[in-house]
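Assemble the whole structure, with the sequences as input and the hints as a guide.
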Amino acid sequence: MFEKEIDRVRKQLKQRLDTRQPSIPLAAILANANIHPSYRAFFKAEAEWWLYEERALRASNPRFDTSAPELQSVLPKLDELYLATARFDHEELAATIDAAVKTRLNFLCRPRTTLKWFVYRGEPTKPLHEVLMRLNYLTDNAYLLDGIRQWASTRPAEASSYEILSVIEFERIVEKIDNDAILDLSQDEFVRLLDGLYGFFYEADPNLPSEAVPTEAVIIFLDDKGAIPISQALERLLYREELRTLTRSKLIDVIDDVIATIPNAEEQQQRHPERSEGPPEQATTRHPEEHSDEGPSRVVKLTAQLDASTKERIVKKIFSRDYTQFDHIVQEILQQPTWRDAAGALDRWFARQGVAPDSAAAMEFAQALHRSYV
Numbered sequence: 001m002f003e004k005e006i007d008r009v010r011k012q013l014k015q016r017l018d019t020r021q022p023s024i025p026l027a028a029i030l031a032n033a034n035i036h037p038s039y040r041a042f043f044k045a046e047a048e049w050w051l052y053e054e055r056a057l058r059a060s061n062p063r064f065d066t067s068a069p070e071l072q073s074v075l076p077k078l079d080e081l082y083l084a085t086a087r088f089d090h091e092e093l094a095a096t097i098d099a100a101v102k103t104r105l106n107f108l109c110r111p112r113t114t115l116k117w118f119v120y121r122g123e124p125t126k127p128l129h130e131v132l133m134r135l136n137y138l139t140d141n142a143y144l145l146d147g148i149r150q151w152a153s154t155r156p157a158e159a160s161s162y163e164i165l166s167v168i169e170f171e172r173i174v175e176k177i178d179n180d181a182i183l184d185l186s187q188d189e190f191v192r193l194l195d196g197l198y199g200f201f202y203e204a205d206p207n208l209p210s211e212a213v214p215t216e217a218v219i220i221f222l223d224d225k226g227a228i229p230i231s232q233a234l235e236r237l238l239y240r241e242e243l244r245t246l247t248r249s250k251l252i253d254v255i256d257d258v259i260a261t262i263p264n265a266e267e268q269q270q271r272h273p274e275r276s277e278g279p280p281e282q283a284t285t286r287h288p289e290e291h292s293d294e295g296p297s298r299v300v301k302l303t304a305q306l307d308a309s310t311k312e313r314i315v316k317k318i319f320s321r322d323y324t325q326f327d328h329i330v331q332e333i334l335q336q337p338t339w340r341d342a343a344g345a346l347d348r349w350f351a352r353q354g355v356a357p358d359s360a361a362a363m364e365f366a367q368a369l370h371r372s373y374v
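Numbering (the working numbering), first residue to last: 1 to 374.
Quick caveat, the hints were computed from the structure, so don't treat them as lab data. Glycine included, every Cβ here is placed at the ideal spot set by N, Cα and C. Incorrect hints may have been included.
What the hints assert, rightly or not - Now the in silico label distances, taken between C-beta atoms and shown as ranges:
(1) 69 - 168: 40 to 48 Å
(2) 199 - 71: 43 to 51 Å
(3) 84 - 353: 34 to 42 Å
(4) 66 - 309: 51 to 59 Å
(5) 300 - 133: 45 to 53 Å
(6) 75 - 309: 50 to 58 Å
(7) 134 - 156: 20 to 28 Å
(8) 56 - 171: 20 to 28 Å
(9) 69 - 143: 39 to 47 Å
(10) 187 - 71: 55 to 63 Å
(11) 84 - 199: 25 to 33 Å
(12) 150 - 323: 43 to 51 Å
Claimed, not checked - Each computed EDC-like pair below joins lysine to aspartate or glutamate, with the alpha-carbon atoms no more than 16 Å apart:
(13) 116 - 130
(14) 250 - 216
(15) 126 - 171
(16) 126 - 169
(17) 102 - 364
(18) 14 - 92
Right under this line is the structure:
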């Protein structure tokens, strides 16, 4: 998804970093004002990660006592020089540009999911100091990054260097920071969280209407935030009225329309309490056999919506051309009672298989599954 836009931004960066020399210094990239700050930060963080790996190799070499005071006094200066002289050859430059553009777009679209994938890369745990280093690659959604750093600063100093953070705990922290931040936002303030996404598509697609982004990008953003009623309203507009692009003002109108239905539902319950007798969860609880009936119907719906070329691409890139495994996983996931449950099952399967959830094929697969629940 959005492959044309990614490719266009990637080509722009390559042109702005074009050099006839065998390599380009990090210092030259950081000094290039034509490079968006987000990409400059990504390059700098990549070089810092190289240095981190170099220090680990140096410390693990049994032939030298790197803990000796004489070495300890000069190693920090050596590290500074390493970073000052860091450079990217053409292969590394291309690979880093590709990673920077894809990661940025996915972080703008799916901040919670992308943070989990980009920081942990499918691993169950990470040292806290590595988690913080991975955050340095990112600059968008600063409130999320700052919130994680603020949480980390409250950890005991003596334990922070050795603390291990699980991906489950990290997800919980990110979700709490995000929910706390957006809890009291007005509609206008909430839509401003999408400013980075609007800016990306403004540069990436000159054919888009002014001040608009693809509606699908906003649907992904809202799903990631857990704002399912609003994302479903947008999906109805996308597939029934072909609202393929979205301005900020239209998004605010949709949010207002969704919010307006909430008091009406509460009022109906107050007028007809007999319709909501029993615990709230009983209103949406179904028997197991109903779920098994719904699962096949969702599979049929997915089959009808998924064109042959998209299915072939998904099976090729995610399932190694194994159509039997594709059918099995689709049936397993679509048996889940709600999209939230299905999305969780899908993320867990991605993690087990080592599939990057922000890859184009993975996102296409997720969107196809999601549409089966609408």
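Hint-by-hint comparison with the structure:
Evaluation of the 40 to 48 Å hint for residue 69 and residue 168 yields a pass: the beta carbon distance comes to about 41 Å. The beta-carbon spacing between residue 199 and residue 71, approximately 46 Å, falls within the hinted interval of 43 to 51 Å. Evaluation of the 34 to 42 Å hint for residue 84 and residue 353 yields a pass: the beta carbon distance comes to about 40 Å. For residue 66 and residue 309, the hinted distance range of 51 to 59 Å is satisfied, since their beta carbons lie about 55 Å from each other.
Residue 300 and residue 133 have their C-beta atoms about 46 Å apart, which keeps the hinted 45 to 53 Å range intact. Taking the beta carbon of each, residue 75 and residue 309 are about 54 Å apart, inside 50 to 58 Å as hinted. Range check, residue 134 to residue 156: Cβ separation about 22 Å, and the 20 to 28 Å hint holds. Against the hinted window of 20 to 28 Å, the Cβ-Cβ separation of residue 56 and residue 171 comes to about 27 Å, which satisfies the hint.
Between residue 69 and residue 143 the Cβ separation comes to about 42 Å, which falls inside the hinted range of 39 to 47 Å. Checked against the hint of 55 to 63 Å, the pair residue 187 and residue 71 passes, with Cβ atoms roughly 58 Å apart. At about 31 Å, the CB distance of residue 84 to residue 199 agrees with the hint of 25 to 33 Å. Distance hint for residue 150 and residue 323: a CB-CB separation of about 47 Å, consistent with the stated range 43 to 51 Å.
A threshold of 16 Å between alpha carbons decides the hint, and for residue 116 with residue 130 the separation of about 13 Å falls inside it, so the pair holds. For the given pair, residue 250 sits about 14 Å from residue 216 by alpha-carbon distance, which is consistent with the 16 Å threshold. Between the alpha carbons of residue 126 and residue 171 the distance comes to roughly 13 Å, so the proposed pair stays at or under 16 Å and holds. About 11 Å separates the Cα atoms of residue 126 and residue 169, which keeps this hinted pair within 16 Å; it holds.
The suggested pairing of residue 102 with residue 364 holds, with an alpha-carbon distance near 14 Å, which does not exceed 16 Å. With a C-alpha separation of about 12 Å, the suggested pair residue 14 and residue 92 falls inside the 16 Å cut-off, and the hint holds.
When the structure is compared with the earlier hints, no violation turns up for any of them.
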